[in-house]
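Chains as they are written, first to last, in this note's numbering: chain D, 497 to 826; chain V, 497 to 826.
Derived by calculation from the structure, the hints in this document are not laboratory data.
As the structure is a prediction and not an experimental result, all values here were calculated from the model.
A portion of the hints provided could be inaccurate.
Put simply, identical chains are the same to the list, so a pair is met inside one copy or across any two.
Stated by the list, open to error - Under the rule of at most 25 Å between Cα atoms (straight-line distance), these lysine to any residue pairs were calculated in the SDA-like manner:
(1) Lys804 to Ala742
(2) Lys527 to Leu714
(3) Lys804 to Thr657
(4) Lys804 to Glu518
(5) Lys527 to His692
(6) Lys590 to Asp697
(7) Lys527 to Ala742
(8) Lys804 to Leu668
(9) Lys804 to Tyr599
(10) Lys527 to His551
(11) Lys527 to Val761
(12) Lys527 to Thr766
(13) Lys590 to Ala641
(14) Lys804 to Arg669
Here's the letter readout for the chains.
2 protein chains.
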Amino acid sequence: MEFDVFGIENPLIDLLATVSEEFLERQGLTKNTMVLVEQERFQALLAALSGTDIHPEPGGSCANTLLGIAQLGGRTAYCGKAGRDDYGRLYVEKLRAAGVEPYIQTDGHLTGSTVILVTPDAARTMNTYLGACQDLSPADLPLDALRASRWLYITGYLWDTPTQQEAALLALRTAQEAGIPVAMSLSDPFCVGRHHADFVDILRRYVTLVFANREEALALTGQETAQEAYRALRGWCGGAAVTLGAAGALAGEGEEMIYAEAVPVLPVDTTGAGDAFAAGFLYGKTTGASLLQCARLGNAFAAQVVQKMGPRLAGDVRALLADVLERPRG
Amino acid sequence: MEFDVFGIENPLIDLLATVSEEFLERQGLTKNTMVLVEQERFQALLAALSGTDIHPEPGGSCANTLLGIAQLGGRTAYCGKAGRDDYGRLYVEKLRAAGVEPYIQTDGHLTGSTVILVTPDAARTMNTYLGACQDLSPADLPLDALRASRWLYITGYLWDTPTQQEAALLALRTAQEAGIPVAMSLSDPFCVGRHHADFVDILRRYVTLVFANREEALALTGQETAQEAYRALRGWCGGAAVTLGAAGALAGEGEEMIYAEAVPVLPVDTTGAGDAFAAGFLYGKTTGASLLQCARLGNAFAAQVVQKMGPRLAGDVRALLADVLERPRG
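The shape of chain D in the complex, shown without the other chains:
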């Protein structure tokens, strides 16, 4: 196999800013959600943040996960669409530097960006201008590279535009024909609300392993407990991992379900916690780890990410996760 995990989604530049609760109120934003905005609103938001310290960093939910897998030692490839601009070039450079093979097509739109507003309670509220991301179409997919991969990983965010949906469906069909298992993240509760019926259909038809946090899982399944939501998801896909924040995670395949406690930490910024969990978990899957070990890797990766600003880790991630990597549990 050429790649352990092949991912498709939105190459977005994160613009991370620390703000007050009042800032969210003034801007009419709902904490802990991601909303899509047009270019005009996006630029107005940046204007309102003038004077605030903002750093551009390559982000995007799926790319965060693939980069995490690469940091653990997995071979990954990433497909998406960026603009012919500095942010687009920065994105490709950073993927390459991190060991993620970039399949980034470009077009005339601006590279997409997400303004991530972090409040003092470590919650993050995101405003995404998709820009070039939304132009990803079936013709942009490197199908041979996908067919040479062990897992396909996609996220619910791809359902936010019609051409991305088409590209995602082609990737799902291609993976299915090639016998490649598919992991999918539900992305966020609002995304679940936007694409409820599509997600249920996709999970039932194509997905092997679904990642959801508790809120997303309850929203999609209509259940009121994590256990029942897990069961419904697992019933659709065969495998599911439901993250429970500070309470840990449930994960299972077929009749086997495990619970893994969270690593107790004080979160500074929860941006990317779900992406990090998926990175650890999928890395575990590609190395043949037990379900418990996969979830422990996911929890440990997420615990590291929430202790700092931003969704990605710098430095030697294997060293940061050495306790879990070196003492696998099953």
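Start from chain D and add chain V according to the hints.
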């Protein structure tokens, strides 16, 4: 059947006092543990608390659970030994008033008491003078009443004295011969430390369902994750419930395991949280509820108890737990 649950343990009067962290330090006490003390030390501790507001209330881990089951509508009986004194009479009166059938023998020792020290972080530190409790012997057991019960419930605290151990073993053998399932609580991590080998032996030979919090489960099984500790306990007994504090609970029988999230509350005093969980769970078992529903009842009962001082609830407990009782989940 005459009783849903027949319990045996220590009829103790709780003496609940709010103290500072410094008080614990001055007294050389380790927070969140129960230590057994002799009469002299017990009286010295009471002297150190002079001037502090202290209320005597019937307590004892197992009796807390049986009273909780009775409050939910279960028929329960309770066996233990008290003194021929005011506290002993108060104990029997309160059991009767709560609908728990008392099988309380008396002897010349003082009725046992537990000084429960609650610190501002809602942790509780207990000093128990067993008094008459420790004189419980096989001859004190009403074996016909036990044989007319659907479940036997015991706690690890019975292993703290030789005659109580003998009484517990007779009860276990009697239950086994009569085909009555046995639930056992591991009591506390120090109790697990005192009786490690005995507990493993008892669980393997007699117990159907073991209750343990995470710390007790890890201590007894020598595992490092809740999942593995659960598996080991379930392997010994066939059934296990592991409480995880604010993270909820795991429970299972045979190949089925469920996770139930905790009810999010702000704890004031965690005294009796484990007893309350066992009450809700066992009540569920005696009414044929699903594992998930049993754990939800346990979590809901515990959530009510930790929001107030002391280990027991007053008033209409079915009304307090109406949400869970009226919408069972499986």
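Okay, the hints, checked on the actual structure:
1. Taking CA atoms no more than 25 Å apart as the test, Lys804 paired with Ala742 passes in both settings, with 16 Å inside one copy and 24 Å between copies.
2. Taking CA atoms no more than 25 Å apart as the test, Lys527 paired with Leu714 passes inside one copy only; the shortest distance there is 18 Å, against 37 Å between copies.
3. For the identical chains of this complex, Lys804 and Thr657 are neighbours neither inside a copy (32 Å) nor across copies (51 Å), given an alpha-carbon limit of 25 Å.
4. Taking the shortest Cα distances, Lys804 and Glu518 sit within 25 Å of each other inside one copy (23 Å), while across copies they are farther apart (34 Å).
5. Taking the closest pair of Cα atoms, Lys527 and His692 come within 25 Å of each other only inside a single copy of the chain (21 Å); across copies the shortest separation is 48 Å, beyond that limit.
6. Taking the closest pair of Cα atoms, Lys590 and Asp697 never come within 25 Å of each other, the shortest separation being 35 Å inside a single copy and 58 Å across copies.
7. Taking identical chains as interchangeable, the C-alpha atoms of Lys527 and Ala742 lie at most 25 Å apart whether they share a chain (18 Å) or sit on different chains (23 Å).
8. Taking identical chains as interchangeable, the C-alpha atoms of Lys804 and Leu668 are never at most 25 Å apart, the minima being 34 Å within one chain and 53 Å between chains.
9. Taking CA atoms no more than 25 Å apart as the test, Lys804 paired with Tyr599 passes in neither setting, with 29 Å inside one copy and 58 Å between copies.
10. When the C-alpha separation of Lys527 and His551 is checked against a cutoff of 25 Å, the pair qualifies only within one copy, where the shortest distance is 21 Å, while the shortest distance between copies is 45 Å.
11. Taking the shortest Cα distances, Lys527 and Val761 sit within 25 Å of each other both inside one copy (21 Å) and across copies (21 Å).
12. In this homomeric assembly, Lys527 and Thr766 come within 25 Å of each other (Cα to Cα) only inside a single copy, at 12 Å, whereas the closest approach across copies is 32 Å.
13. Taking the shortest Cα distances, Lys590 and Ala641 sit within 25 Å of each other inside one copy (20 Å), while across copies they are farther apart (74 Å).
14. For a Cα distance limit of 25 Å, the shortest separation of Lys804 from Arg669 qualifies neither inside one copy, at 38 Å, nor across copies, at 56 Å.
Of the hints listed earlier, those the structure fails to meet are numbers 3, 6, 8, 9, 14, in rising order.
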